[in-house]
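We have chain A already, so just place chain B on it with the hints.
Number of protein chains: 2
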Amino acid sequence: MDSFSIKFGPVGLETGCPAGSTILDCARRAGAEIVSVCGGKGTCGHCVVQVKAGRVSPVDDIEKKFINPRLLAAGYRLACRAKVLSDGEFYIPPQSLSTMQRLQVEGNEISVKPEPSINVYPVTISPPTLADVRADFERIQLALSAQGIKARVPEPSVARHLSAAMRNNGTLRLAMRGQEIIGALPGGRNPLGLAVDVGTTKIAVYLMDLITGKTLDVRGAANPQAEFGADIIARMAAAIHSSADALKIQRLISDTLNEAAAEMCARHGASREDIVEAVVVGNTAMHHLFLRLPVEQLALSPYVPSVSSAMDVRASDTGLDFAAGANLHLLPNIAGYVGADHVAMLLSIDILHQEGAVLAIDIGTNTEMCLSHEHRLMSLSCASGPAFEGAHISHGTRVIDGAIESLRISNGKVQYRTIGGKPPAGICGSGIIDTLAALVTNGVVDASGRMLEHSLVRDSNGVREFLIARGTGDSPDITFTQKDVRELQLAKGAIRTGIEVLLDENNLKEQDIDRVIIAGAFGTYIDVESAIDIGMFPAIPKDRFQQVGNAAGMGAKMALISGSKRSESRTIAEQVKYIELASHPDFNKIFTRSVRLGQAPVRRHYLI
Amino acid sequence: MDSFSIKFGPVGLETGCPAGSTILDCARRAGAEIVSVCGGKGTCGHCVVQVKAGRVSPVDDIEKKFINPRLLAAGYRLACRAKVLSDGEFYIPPQSLSTMQRLQVEGNEISVKPEPSINVYPVTISPPTLADVRADFERIQLALSAQGIKARVPEPSVARHLSAAMRNNGTLRLAMRGQEIIGALPGGRNPLGLAVDVGTTKIAVYLMDLITGKTLDVRGAANPQAEFGADIIARMAAAIHSSADALKIQRLISDTLNEAAAEMCARHGASREDIVEAVVVGNTAMHHLFLRLPVEQLALSPYVPSVSSAMDVRASDTGLDFAAGANLHLLPNIAGYVGADHVAMLLSIDILHQEGAVLAIDIGTNTEMCLSHEHRLMSLSCASGPAFEGAHISHGTRVIDGAIESLRISNGKVQYRTIGGKPPAGICGSGIIDTLAALVTNGVVDASGRMLEHSLVRDSNGVREFLIARGTGDSPDITFTQKDVRELQLAKGAIRTGIEVLLDENNLKEQDIDRVIIAGAFGTYIDVESAIDIGMFPAIPKDRFQQVGNAAGMGAKMALISGSKRSESRTIAEQVKYIELASHPDFNKIFTRSVRLGQAPVRRHYLI
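Protein sequences, first through last, are from chains A and B.
At position 199 of the first sequence the residue is numbered 199 (the working numbering), and the sequence of numbers has no breaks.
At position 390 of the second sequence the residue is numbered 390 (the working numbering), and the sequence of numbers has no breaks.
Worth double-checking, as some hints may not be accurate.
Stated by the list, open to error - Calculated Cβ distances over 12 Å to all of chain A for the following chain B residues:
id	residue
1	G45
2	A74
3	A262
4	H288
5	S475
Said to hold, decoys possible - List of simulated lysine-lysine pairs, BS3-like, C-alpha gap at most 30 Å:
id	chain 1	residue 1	chain 2	residue 2
6	B	K248	A	K248
7	A	K150	B	K83
8	B	K577	A	K150
9	A	K113	A	K65
10	B	K150	A	K577
11	B	K483	B	K413
12	B	K64	B	K83
13	A	K83	A	K65
As the list claims (entries may be wrong) - A few chain B residues that don't get close to chain A, going by computed Cβ distances all over 12 Å:
id	residue
14	R29
15	V112
16	D321
17	R486
Please keep in mind that the hints were generated in silico from the structure rather than gathered at the bench.
Note that the Cβ used here is the ideal one computed from N, Cα and C, for glycine as well.
Bound-form chain A, shown alone (with noise of 0.2 Å):
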């Protein structure tokens, strides 16, 4: 039977696919989870797909009804009723993806030229005899030498390897980091290698071909260490008061990297031992904890890293058991608060070759930036809070199956989508973002923050909140409230404080950005004219923000395949001048101005 080979973006997987395989079998078989709440029997019509390229079987009646004719045109499908009929290209809008994998789309597949530190040698051993009684390790070392390359003495955790595989096998495939054995590959192929985004939240781990630099599979996962804490501070206390925990809390990684590891290999027929280096970023208090370096002074003022510069060490230390001499390579840390995934983001948006003035922002519970502006390199961290991530919001909600994640205010009526379609459960960040930006744009929220009377605002106890959805059943009201407002005005404020800091020392006003990169998971799904609306963003025109997905993910993809990428990370943290907010001598007075709602008018012109 023939065989296609099929490709899915934005999540960058792909696969190989039998003739007359549904677009939903070809997605399975490639790692990537599109919704499908009927199971592919064509009752849900959420598996909607675009064809980017080759064939498929024709539009049918099922397909009709639930897309309508634009979008048809425009090449979506049912994953679950189209047919591939050739090799194939296809595109998961955010929608289809199911809630975890949404976590972790990536935007931009940037093309990385290969440049693999691995190098893979074949050699055949000749037992040893009475006659020739040489150690194991000398035998190797002849047989590389025979093909010219050297081989430093290995370490006994990859001797004791070495020794088992010679007499399993006369032949080896000896994986070599320069001089340095990593191991036998177990099998007939090429080195893996996994990279890894250690988000304080979740976590993104990706298995990748090191000879053709493919992304073979992708997983998320939760961050186990949530048991220690919901945030980092929680963890670090943890850390610091028990090193019995410490270790736990490195071991929750390793653990949750070793499964994921040996489910994505199994299912590409390989090994963990196949796995020869792996590149882990994260923020610096994620890299701390996971190399278990102290975090005692990274708790506390002034919050300085143990180590900021990149790191080589062994993975088994860290608990990971992949390919015995296998070596994990940690990006950079800039400061405290600006960690390794920072330097992956700046990486993965190729930001030492950016023309004029481009800001780049990844929204979280720290929000880190950095604005280059000709070829100088501004980073800083700002203190956004949990908000948007529904934390202290009266309904806020995590990415669930029924978060209000987009909303406005339409002739007086409140209009919202959630996720899945389900009945409204709460509101996630990107509709956060919209219900103030809905509140501010038709007048209910002033520009100092306070909510007005307004025929969509009653009294609850005195505090004012905007009704959204009622309750049905058992479930409540799902309301925004005043103090929603409050929070809201803190998280933007602080980032607002950030871009107007960088511009600042730039002598730069917000209409000199040429471009605005928004990074990670959060930022993929907001609005953005509605962060313009409630003024965290610049108002600008929009053609020029981009949202390009898990960008620390993609830079510590690139950086495991591609030597000059990886050395092109510690030019970007060597390069980047960290501004540390708290102490910039205008903060409270640019803070003060940024917590403001909307834009002065005069700015709305720009918007397209």
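Chain B only, in chain A's frame:
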């Protein structure tokens, strides 16, 4: 009060001592364990030492009572009576060393110029502020680079230590090995090193000052791996059978070394964190078990090591708890049964610069020997068995109080000396050889090993035995049986076979041997003449023999304090041609000849 500098040979220990201290006080302070049965009361006469340099108090009546005038004239004194009146140097004869220390005695302290691989740099680190939030390590790097010193990014365990040390102290004394930071030394002391000789039965541990090259202290300990079996085969079997046991077998050694190091450091006002480097030597099995290298292939023919090359590993990887980044150097092995201890022995006797034909030999369960002839080195190992350790000998014993350590037959009567002058408890190695030599030279045993009828021989259940001492009370008679003669023939035959093969391979006759160097604890105490009498050693003039004590430990010390010596050890291992005795074509013929007792009478005139 004046403090004198007092040295003790051959144990290589020194100390400062107040004027008027007895030599025994000084010895205790230096860690030299002199036999003192009465506890320094002057009533036992055991603590005899020889004054080599310096002034001491006049000879008193008690000393005149215990020491004969000829020895008094030669500077022999009772350590408990003679008081030091100046800097001095004292020689402790074997019979005055306590049992444990007799096992570790140094033959020749060779003067080696210290060339430590470690440098110490004091650096002052400015504390971080909100205006200067650089990472801990980057601050150290900066302070070092102000002194023109580059530092590599440390591994996490070292970074952990440095961050803590910085917060205790603004000025750090950084111990560095090249660009690698080992740790911050806790006090104002010189960096220390540990040289270790791990024998199958016992472990010798030396604490060294890496800057002065001096031996600060020494400890001996039984090898605790004995719980897994007295011989290496049993221990390797345990390690093969269970990786948990393999780890335990490793940790038994590292725990012993940690304890010895802690004790010795405490005596010298230092801590284990002052130990920045260790050198360990041992036979190949001890080497592999300590690194948890695989031993399956070492335990079975053709007995190949996993790794022969010199290795540098993190001390902490083996369970050693020294400075955070302490390095552990392991000298190279040569073959499965010719290990790093053999290389260390050859290093200590300066084998590369020996002229003529020099035979170096370390007698044990396996006896390793090397013939250097015209700067070509050839080594082999022979399975001499445990007879010299008293095993399989009817009344054999290890070196314990009461062991018969020398014996002769004079005018038809048996004369013997026991360790500590105690009632006879058995026969230890040197006594076993003396006994057989006495039987051979007095015609009680013939060249074929048959015990003849003789006034000193009796029949016990049809087996002849030689009566050495009658038992008293419950203790049995101490005898030497026909079977004991046969055991000894196998042991001495194995050794002589090794010597003959080396001579044969070099086209030499025994008379051509210019020097025989006898290394190892056992070799130190044997009577060379007796060993010649039984035909174990070739019949060459006695002044060509030299007994050098624990040469392997000495080699470990040299490799620890001197980089040149360390690299010389690699050269030795590379230059040694290894001979596999079992596969030698003439093995059987030579062995049959070698088990015969005695020497051809014509050769006797060589003896002095």
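message = Just want to verify: A262(B) was marked as not at the interface with chain A; is every Cβ pair farther apart than 12 Å?
response = 20 Å, holds
query = Within a Cα-Cα threshold of 30 Å, do K83(A) and K65(A) meet the stated pairing?
reply = 18 Å, holds
ask   = Holds or violated: K113(A) with K65(A), Cα cutoff 30 Å?
value = Violated. K113(A) to K65(A) sits at ~44 Å, over the 30 Å cutoff.
query = Going straight from one Cα to the other, do K248(B) and K248(A) come out at no more than 30 Å?
reply = 23 Å, holds
inquiry  = Does G45(B) clear chain A by more than 12 Å, comparing its Cβ with all Cβ atoms of that chain?
reply    = 51 Å, holds
H288(B) non-interfacial with respect to chain A [C-beta, more than 12 Å] = Answer for H288(B): violated, closest chain A Cβ roughly 9 Å.
ask   = Holds or violated: are the alpha carbons of K150(B) and K577(A) at most 30 Å from each other?
value = 23 Å, holds
ask   = Taking the minimum C-beta separation from V112(B) to chain A, is that value above 12 Å?
value = V112(B) is indeed farther than 12 Å from all Cβ atoms of chain A, at 25 Å.
request  = Would you assess whether R29(B), listed as outside the interface, keeps its beta-carbon beyond 12 Å of every beta-carbon in chain A?
outcome  = 38 Å, holds
ask   = Does K483(B) pair with K413(B) here, judged by a C-alpha cut-off of 30 Å?
value = Since the Cα atoms of K483(B) and K413(B) sit roughly 22 Å apart, the hinted pair holds (cutoff 30 Å).
request  = Quickly compare the C-alpha distance for K64(B) and K83(B) to 30 Å and report which way the hint goes.
outcome  = 15 Å, holds
query = Given the proposed pairing of K577(B) with K150(A), does the C-alpha separation stay at or below 30 Å?
reply = 23 Å, holds
In this structure, the earlier hints numbered 4, 7 and 9 are contradicted, and the remaining ones agree with it.
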